[in-house]
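Produce the complete structure using the sequences and hints provided.
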Amino acid sequence: MTRFEWSRKITIGHYIPIDSIIHRLDSSCKLLGFTVLIVAIAFCNSYFGNVLFFTFALFLFVLSRLPIRYGLSGIKPAIPFMVILAVLQLLFYGGGVTASGTVYIHYSFLLITSDSVRLVVVSAMRFVEIILVSSVLTLSTPETELMHGMERLLKPLKYIRFPVHQFSLIIMIAVRFVPTFAMEMEKLMKAQASRGAAFGTGRWWQIIRRTKDMFPLMIPLFRSAMARADDLVLAMECRCFVPGQSRTTYRRGKARSRDFSFLLIIIGFSLFALFYPFPG
Amino acid sequence: MAAEPIIDVQHLEHTYMKGTPFVHQALTGVSITVYSGECVAIIGHTGSGKSTLVQHFNGLILPQKGKVIVDGADLSDKKTDMKGLRQKVGLVFQDPESQIFESLVGDEIAYGPFKMGWPIKDVRDAVKGAMEMAGLPFDAMKDRPTAALSGGQKRKVALAGVLALKPKILVLDEPTAGLDPRSGMELLGRLKTLNEQEHLTIVFISHHLEEVAYLADRIYVLDHGKNIGEGSPATLFSNKKMLEKYRIGTPETVDILYRLQDAGFSVNVAHYGIAEVASQICSILEHGPRRDRYDTV
Amino acid sequence: MGKGLTTRRMVVAGVLGAISILLGITRLGYIPVPTPAGNATIMHVPAVIGGIIEGPVVGLIIGLIFGVSSFLNASIPLFKDPLVSIVPRLFIGVVAFLVYIGLKRFNKYVAIGAAGFFGSLTNTVFVLAVAVARGYFTLPVALGVAIANGLPEAIVSVIVTLAVVAPWKKIGASRKKKSKIS
Amino acid sequence: MRAKSSLASMGVDRMERQPLIRAEDVSFQYKGDLGEKVIPALNQIRLDIYPGEYVAIIGRNGSGKSTLSKHFNGILQPSRGDVWVDGWNTKEKSRLQEIRKKVGMVFQNPDNQIIATTVEDDVAFGLENIQVPPEEMDERIDAALRLAGLSSMRRRAPYHLSEGQKQRLAIAGVIAMRPACLVLDEATSRLDTYGRRELLRVIRRLNEGGMAIVTVTHHMSEAAEADRVIVLDEGSIVLQGPPREVFQKQAFLQERQLDVPAASRIAGMVHERCPSFRPDLIDSDEVAGEVRRLIGEGEK
Numbered sequence: 001m002t003r004f005e006w007s008r009k010i011t012i013g014h015y016i017p018i019d020s021i022i023h024r025l026d027s028s029c030k031l032l033g034f035t036v037l038i039v040a041i042a043f044c045n046s047y048f049g050n051v052l053f054f055t056f057a058l059f060l061f062v063l064s065r066l067p068i069r070y071g072l073s074g075i076k077p078a079i080p081f082m083v084i085l086a087v088l089q090l091l092f093y094g095g096g097v098t099a100s101g102t103v104y105i106h107y108s109f110l111l112i113t114s115d116s117v118r119l120v121v122v123s124a125m126r127f128v129e130i131i132l133v134s135s136v137l138t139l140s141t142p143e144t145e146l147m148h149g150m151e152r153l154l155k156p157l158k159y160i161r162f163p164v165h166q167f168s169l170i171i172m173i174a175v176r177f178v179p180t181f182a183m184e185m186e187k188l189m190k191a192q193a194s195r196g197a198a199f200g201t202g203r204w205w206q207i208i209r210r211t212k213d214m215f216p217l218m219i220p221l222f223r224s225a226m227a228r229a230d231d232l233v234l235a236m237e238c239r240c241f242v243p244g245q246s247r248t249t250y251r252r253g254k255a256r257s258r259d260f261s262f263l264l265i266i267i268g269f270s271l272f273a274l275f276y277p278f279p280g
Numbered sequence: 001m002a003a004e005p006i007i008d009v010q011h012l013e014h015t016y017m018k019g020t021p022f023v024h025q026a027l028t029g030v031s032i033t034v035y036s037g038e039c040v041a042i043i044g045h046t047g048s049g050k051s052t053l054v055q056h057f058n059g060l061i062l063p064q065k066g067k068v069i070v071d072g073a074d075l076s077d078k079k080t081d082m083k084g085l086r087q088k089v090g091l092v093f094q095d096p097e098s099q100i101f102e103s104l105v106g107d108e109i110a111y112g113p114f115k116m117g118w119p120i121k122d123v124r125d126a127v128k129g130a131m132e133m134a135g136l137p138f139d140a141m142k143d144r145p146t147a148a149l150s151g152g153q154k155r156k157v158a159l160a161g162v163l164a165l166k167p168k169i170l171v172l173d174e175p176t177a178g179l180d181p182r183s184g185m186e187l188l189g190r191l192k193t194l195n196e197q198e199h200l201t202i203v204f205i206s207h208h209l210e211e212v213a214y215l216a217d218r219i220y221v222l223d224h225g226k227n228i229g230e231g232s233p234a235t236l237f238s239n240k241k242m243l244e245k246y247r248i249g250t251p252e253t254v255d256i257l258y259r260l261q262d263a264g265f266s267v268n269v270a271h272y273g274i275a276e277v278a279s280q281i282c283s284i285l286e287h288g289p290r291r292d293r294y295d296t297v
Numbered sequence: 001m002g003k004g005l006t007t008r009r010m011v012v013a014g015v016l017g018a019i020s021i022l023l024g025i026t027r028l029g030y031i032p033v034p035t036p037a038g039n040a041t042i043m044h045v046p047a048v049i050g051g052i053i054e055g056p057v058v059g060l061i062i063g064l065i066f067g068v069s070s071f072l073n074a075s076i077p078l079f080k081d082p083l084v085s086i087v088p089r090l091f092i093g094v095v096a097f098l099v100y101i102g103l104k105r106f107n108k109y110v111a112i113g114a115a116g117f118f119g120s121l122t123n124t125v126f127v128l129a130v131a132v133a134r135g136y137f138t139l140p141v142a143l144g145v146a147i148a149n150g151l152p153e154a155i156v157s158v159i160v161t162l163a164v165v166a167p168w169k170k171i172g173a174s175r176k177k178k179s180k181i182s
Numbered sequence: 001m002r003a004k005s006s007l008a009s010m011g012v013d014r015m016e017r018q019p020l021i022r023a024e025d026v027s028f029q030y031k032g033d034l035g036e037k038v039i040p041a042l043n044q045i046r047l048d049i050y051p052g053e054y055v056a057i058i059g060r061n062g063s064g065k066s067t068l069s070k071h072f073n074g075i076l077q078p079s080r081g082d083v084w085v086d087g088w089n090t091k092e093k094s095r096l097q098e099i100r101k102k103v104g105m106v107f108q109n110p111d112n113q114i115i116a117t118t119v120e121d122d123v124a125f126g127l128e129n130i131q132v133p134p135e136e137m138d139e140r141i142d143a144a145l146r147l148a149g150l151s152s153m154r155r156r157a158p159y160h161l162s163e164g165q166k167q168r169l170a171i172a173g174v175i176a177m178r179p180a181c182l183v184l185d186e187a188t189s190r191l192d193t194y195g196r197r198e199l200l201r202v203i204r205r206l207n208e209g210g211m212a213i214v215t216v217t218h219h220m221s222e223a224a225e226a227d228r229v230i231v232l233d234e235g236s237i238v239l240q241g242p243p244r245e246v247f248q249k250q251a252f253l254q255e256r257q258l259d260v261p262a263a264s265r266i267a268g269m270v271h272e273r274c275p276s277f278r279p280d281l282i283d284s285d286e287v288a289g290e291v292r293r294l295i296g297e298g299e300k
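Residue numbers (this note's numbering), protein chains in the order written: chain X, 1 to 280; chain V, 1 to 297; chain U, 1 to 182; chain W, 1 to 300.
Hints listed in this document are in silico derivations from the structure and should not be mistaken for laboratory results.
All residues carry an ideal CB built from backbone N, CA and C; glycine is no exception.
Hints may contain errors.
[Said to hold, decoys possible] DSSO-like mimics (lysine-lysine), calculated; alpha carbons at most 30 Å apart, straight line:
(1) V/K78 x X/K190
(2) X/K190 x V/K240
(3) X/K190 x U/K169
(4) U/K180 x X/K190
(5) X/K212 x U/K170
(6) U/K104 x X/K158
(7) V/K83 x X/K190
(8) W/K101 x X/K155
(9) V/K88 x X/K190
(10) U/K178 x V/K88
(11) X/K212 x V/K121
(12) V/K166 x U/K180
(13) U/K169 x U/K180
(14) X/K212 x V/K226
(15) X/K212 x V/K241
(16) X/K190 x V/K241
(17) V/K241 x V/K226
(18) W/K31 x U/K169
(19) V/K67 x X/K9
(20) V/K121 x X/K190
(21) X/K9 x V/K121
(22) X/K155 x W/K93
(23) X/K158 x X/K190
(24) V/K128 x V/K83
(25) X/K212 x V/K192
(26) V/K168 x V/K79
(27) X/K158 x W/K93
(28) U/K178 x V/K121
(29) W/K31 x W/K93
(30) W/K31 x U/K170
(31) V/K128 x U/K104
(32) V/K78 x X/K212
(33) X/K190 x V/K128
[To be verified] Derived, one-sided and incomplete: chain X residues facing chain W with beta-carbon distance under 10 Å:
(34) V122
(35) M125
(36) I173
(37) P179
(38) R228
(39) D231
Given below as structure tokens:
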């Protein structure tokens, strides 16, 4: 029955406070660099490029001095999915053969080509690389820092009238309230269970009934969210908040040349690995 | 008072988040006994483990170490019927009105009985009985929308929602917190009636010593997950050292008596009712100081 | 719908975004109904609700928060691809808003339900479309998933959206005058 | 008796000073949903609050005390009449920012007033809004946290604080903006005995530092700390004065479903039997002191 005791375990960020070059990077440069890297990986279709990205991801992990098991722990539970996905892609993606592709096996509906093999290998690699890179980012940066970094990063968008402050405040409020709602949810589950509630009753095909089992949790949760919103609006207005009005910022960036060189390296590397016409 | 233990907790320990950096031992060895028909208060400042303790009573938290026996059922036993236990032990959480989710009062209170699978006629009777115990007239209130109730009424609906399961034991976590004093007093009056006339065993957590003095037969004091004191309100309030050491605070009337005692007057701290204090003061004024220097060293 | 991001809209986007994150990082966001995945998710419902009660911008931001959190927490390869996990989610609240506005004059109750339905379908269809474009699925597989997973999920979404929004908008209360025990 | 440092308690001074907040014939009605009949929440309230004063507003549920307090910084605007804060009418939208800088406000549920993910960022939020230069912020955050007794918590996440600490954080967030007046709308009602005591200590310290305090409360022992108690009933001020005068009118208060501190009740009871005992006492210290005084005189 320990399922009632979970709210304390909720973490949004996974920050591990150790010291390393990566930990010390200015959060806005770090965020931008890692975003570019992740997007580049997502678009990379070549074997060679992915090998480069993979090596680079490992290199970042080493630089951050984080135990590699933290990165691997994200991969382990995904292995069954990866296998299923790979099989699906192998079996059904043969139709997408291009002119340059080679047919390996062609038996009845089964068609395995160099393209489908590449698809399988590359998407698996991409997945591992993104896991590694995104865990370096979240393990080495406290969530608050990430948010401040994002705010500084988006600042130039003010000139195209993008509401940077408001946007970052929304994210801040969202992150701020996750633990609050988690505790509230745990209390609700306990309170309803004390009244004999059971979640997930009925036969498997009774969709409506099974959904209704969640009402004693979901309805109070949303109602509380709206009530909290009412209070918070008042509290913000009392503290002189006016949306869109200019404000000063407590957290200022301290990006130095080191941070910019990191950014340049990471962007340069990403572009190279993504666009360089590797053979094969 | 029947001398039959209905809740028996022995050397109970509980640790949250074992094996993580956030490990926290909330209970470090609590032993308490509640007898059938009693009204017991549990006090202690924030973080003393009160809420963790009472959540053991209906099996929301299972004992990690130590023993919890509720109405003859051992909670460490995996075969214990949890559903039956939760029906027997009604747990009212802090701010229970936040758990209301039905749009009509009657449906909200009937939720538990329906979940127990009782026939509709029994459900109706249970709801009717619970509403009357909680001070909600059945015919006038059962079809009211829950959204339109006042704070005090919502709390009564939540209380009725638990009473509808016909529990033998009612456990409340800060029953009057957040209510205005009038609604709070009314609720306490209801609880007293339930205890005295319906013979419901009541265990409640409170920070409010006036409330404890009014309602409880016996008090347990918790500190750092351990019970460090037990007794009637009068014996406990007479123990000034304990009140100070564990930051429990003193009711205002008791505080007056202590101040008089400090000034060297002979007073009886066990008589802390407002009228009692007034008459103690009068007798000091009328019969002279009667400073009893041996009493207060 | 009014102008820009008011304090109220910001806060509603924030708290509903928080619920979306919470549903994603716990098992609470999954309702066990018969789909190939074994359950239907309701993590996108906050975006739908945000779109209905505070407009398209709020819906879009909640969708973004949902997307980013599902990207960061993904343990399925498909969703560790930002194009699959983030981009499609931006449209959930926007579509819900459009459906709601379009049908509101006809019947508010139906409009809310429809917003829940199409908001949920937006999620399914867009995610699968990007997944197909990115080569994770072939079209027939995606169609299969859309029907087997998307439809039950849309039904769940309708039920939850109605249950939450109808009382909040103070409609539907008049539908039921007597409690079950009367 | 009690020594109060606050200037405003000296009546002479009050005449010469400009009120910080002035309510002139304020009436207010909540707008009903679908033309339901509306009951006025406030009825022709006239009230001045002076710099440095400590005022408690009491009244039963629905007496309008919360509604009134929300007029002091322009959250609500009167349906009739005017509220002036430091000479500015709260109806002037362009002045609202200035008004809210002058009059800070803290509400009942601390969890719903905290915006940021760390203590220091939350205190900074208000400072950012009023465009305090970043160089100055550190010092202001320090000072506010010190006053609120949270200096060691600066980098904590709010959900690691106790309820009482959260409420003190809410106060720190307001006082960092250096308001002239702090309005507390049932700010202690969710706290336990210890949390309340700590919070009251902070409030007293702020008042001693010259900040005006307006507290809306259900707790009579809290109201007893104020310079002036205002009793609201059905939207009107029915009684006001120093706590010892107000709490002597026990029958009057009880008619309005209000209690008085236990000390006042005891003093009243003793006074009936021993007329030499002063009836206008408000806390346990004073009751014990009065017994000592009478006995001491008797011994002479």
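For this session: Hints the structure violates: just list their numbers, smallest first.
Result: 2, 6, 14, 15, 16, 21, 23, 25, 31, 34 and 35
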